[in-house]
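Enquirer: For the record, the sequence lines run as chains A and B.
Each step along the first sequence adds one to the number in the working numbering, with nothing skipped, and position 81 is 81.
Each step along the second sequence adds one to the number in the working numbering, with nothing skipped, and position 14 is 14.
Just so you know, the hints here were simulated from the structure itself, not pulled from any lab data.
Computed from a predicted model, the values in this text were never measured in an experiment.
Note that the Cβ used here is the ideal one computed from N, Cα and C, for glycine as well.
Honestly, I wouldn't trust all of these hints.
Some but not every residue of chain A turned toward chain B, in silico, with C-beta under 10 angstroms [stated by the list, open to error]:
no. : residue
1   : Thr30
2   : Thr31
3   : Phe35
4   : Gln39
5   : Phe106
6   : Gly107
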Amino acid sequence: AQKVTQAQTEISVVEKEDVTLDCVYETRDTTYYLFWYKQPPSGELVFLIRRNSFDEQNEISGRYSWNFQKSTSSFNFTITASQVVDSAVYFCALSEANSGNTPLVFGKGTRLSVIA
Amino acid sequence: DAGVIQSPRHEVTEMGQEVTLRCKPISGHDYLFWYRQTMMRGLELLIYFNNNVPIDDSGMPEDRFSAKMPNASFSTLKIQPSEPRDSAVYFCASSLREYTEAFFGQGTRLTVV
Numbered sequence: 001a002q003k004v005t006q007a008q009t010e011i012s013v014v015e016k017e018d019v020t021l022d023c024v025y026e027t028r029d030t031t032y033y034l035f036w037y038k039q040p041p042s043g044e045l046v047f048l049i050r051r052n053s054f055d056e057q058n059e060i061s062g063r064y065s066w067n068f069q070k071s072t073s074s075f076n077f078t079i080t081a082s083q084v085v086d087s088a089v090y091f092c093a094l095s096e097a098n099s100g101n102t103p104l105v106f107g108k109g110t111r112l113s114v115i116a
Numbered sequence: 001d002a003g004v005i006q007s008p009r010h011e012v013t014e015m016g017q018e019v020t021l022r023c024k025p026i027s028g029h030d031y032l033f034w035y036r037q038t039m040m041r042g043l044e045l046l047i048y049f050n051n052n053v054p055i056d057d058s059g060m061p062e063d064r065f066s067a068k069m070p071n072a073s074f075s076t077l078k079i080q081p082s083e084p085r086d087s088a089v090y091f092c093a094s095s096l097r098e099y100t101e102a103f104f105g106q107g108t109r110l111t112v113v
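Please model the complete structure; the sequences and the hints are all you need to start from.
Expert: Now the structure itself:
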């Protein structure tokens, strides 16, 4: 069964610090997709990124970057020069593809607090 | 597009009452999902539809829960009778096709007293 582990329950950083949110996944499928979502205090879930299992290139989008390593089954998320607006709960999710479409399975989330 | 639209945003009801949550997915999306979020269990998938057909309802906690999708632009999640342990935020999401990202509505915060 697929599983996503976000070991960090809460992280607190001071503004402008870099922070990395960890995500480790388990799957037996060779084809799968990984996602990150942001849930700000207002409550909605905002899609950030989708990655397929065949593309291990790191991705950078502004202050956000993602490091996908199949060897360690990890898909970590780094925020550079954090800002107060980055304060939110961040979820990593997995969708398997070999056995038909499986909807997103989410980790328990990491609550990030950025202090001014 | 306006995104996934859920109603109501907040619902407070008494135990034993019927509750109906509504969702309008993004136009053209083939998949619709209902998730529930609680502090204890996180985000759980309840049921999902493909082209209006329920595919997997194994996450529906009890027979008190039912979901329908009568057409491509509307879905309901019904709880009858409601219980205090059903209190949670219920999210509806839709995706264009399989393996693509799901876009979430703003959620319905349900409180059963």
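Enquirer: Which of the stated hints cannot be reconciled with the structure, identified by number in ascending sequence?
Expert: Hint 1 contradicted; others consistent.
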